[in-house]
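Protein chains: 2
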Amino acid sequence: MVFLFSRRPRRTDVARPKPRREPVAQVDRVDLAELTPDLLPYLGQAAYVQLALFETLGHAVSVAPTAASKVAISRVAALALAKHHGLAAEIKRLGHEPGPVMAPFAARIDEYARTTLGADWYEMLVTAYLTAGLLGDFQLQLAQGLSADARTRIILLLSGDDGHALLVDELRAAIDTNARLAPRLAMWGRRLVGDTLLIARSSLTNISDSHRNEARLEPAFTELIAAHTRRMDSLGLTA
Amino acid sequence: MVFLFSRRPRRTDVARPKPRREPVAQVDRVDLAELTPDLLPYLGQAAYVQLALFETLGHAVSVAPTAASKVAISRVAALALAKHHGLAAEIKRLGHEPGPVMAPFAARIDEYARTTLGADWYEMLVTAYLTAGLLGDFQLQLAQGLSADARTRIILLLSGDDGHALLVDELRAAIDTNARLAPRLAMWGRRLVGDTLLIARSSLTNISDSHRNEARLEPAFTELIAAHTRRMDSLGLTA
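Those protein sequence lines, which keep their order, are chains A and B.
Residues in the first sequence are numbered from 1 upward in steps of one, following the working numbering.
Residues in the second sequence are numbered from 1001 upward in steps of one, following the working numbering.
Please note that a few of the clues may not be correct.
What the hints assert, rightly or not - Covered by chain B, per the in silico footprint, the following chain A stretches (three or more residues, Cβ under 8 Å): (1) 60 to 69; (2) 81 to 95; (3) 100 to 114.
Bear in mind the hints are in silico, worked out from the structure with no lab data behind them.
Virtual Cβ for every residue (Gly too), placed ideally from N, Cα, C.
Next up, chain A with everything else stripped away, as it sits in the complex (with noise of 0.2 Å):
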């Protein structure tokens, strides 16, 4: 069993944006940016999912109708992998090989990727750019709660280009040619929702009293889904 965090959280002294929104008045709610991250299986993770993503872009890229498209997704690939590869250089710099430390995490994230692969190319194309932004914000608000050092370069690293606006380009392009994609791709985007958030909590099952924690991190659950909503938005997709 790996354990991605410490069993008691803490109240970190981060700096954090201020929220959109009046803060609901709910004495024990927790962001996900007040815990703190194990460093180490926590870049394992994010370097998998990283891995991941960039596999469902190769495979975007394989079956890509066009050149021209294959050479915009093989950017969105390669920004991919300069993310895992960031991520890979950050757990050597801590002493240890990026294999060992990533595969904890390697079965589930493997058959998460085979489930969420999509039939085709426009279903490729909104699982990398839905859930590459769904676990890119989850694993961004978590890196706050990283220890000093480390935290200034990893949400850099993370908050990078993702090259998404090429796959909304891409998307909705072809959603504005042909009417029919439309309901298809958002019943697509909407199943993804329920296997990535799994993906998510599954690294703070080890929280301790986690029914609690549960119910406290309902509202940062929340947040990223509006964030999908918004992304489903952009695509002309109703969420």
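Assemble the complex: chain A is given as a structure, and chain B must be docked to it using the hints.
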């Protein structure tokens, strides 16, 4: 029909590396480096070959037996993609979009990549190593006939790190621990030569008096095959 070459090959005044052996006394022998490829289709084909190689490596990452192997092969994939993007940048420098410039080569190279992908992880790595080596040598020799401005940049780009040491390490380790792999992979390596040389030759079919040139180019292809044999040797396989 796309013409990769000017119809009239001319001798260039490029300083070329000394041949290792005494040159064969053959008056009308033509080196690949003496041909003058038309820059734009040359770039289109070379860029698409790197993209296809990236796809092969992406498949290999997907079926890699361990997370550590995924990391290693993903680095090789990143290097192929970097070469692709470098070549795509050269296409843009000429005021063209990479997609349409690559498009005429897509069907043939896609089919080639499909038939040479390999049935498992080991065959995929052999393909990535041997075909990238052979086509890379071929493209590098042709690049010497390009106009001076582009030539330097493209030779630098194509001769940059290809990560093949990582592929050789993975394959040698596998072959050393499983004796039954060697004959199967040796056969696969031999099988790849024919299809790969056909892709290379397909670039040359538009040179005037192609039949005579076929014969005159034979020594150049013999050199490509010699380098292929050295690669087989480095894996401990019989060519």
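Within 8 Å of chain B's CB atoms, at least three CB atoms from the segment 81 to 95 of chain A: coverage verdict | Check passed, 5 qualifying residues.
Coverage assertion for the segment 100 to 114 of chain A with respect to chain B, Cβ distance below 8 Å, three residues required = Coverage by chain B holds for the segment 100 to 114 of chain A (4 residues, Cβ < 8 Å).
Holds or violated: the segment 60 to 69 of chain A covered by chain B, criterion of 3 or more residues with Cβ-Cβ distance under 8 Å?
-> Held - the segment 60 to 69 of chain A has 6 residues with a Cβ nearer than 8 Å to chain B, which meets the minimum of three.
Hint violations for this structure: none, all hints satisfied.
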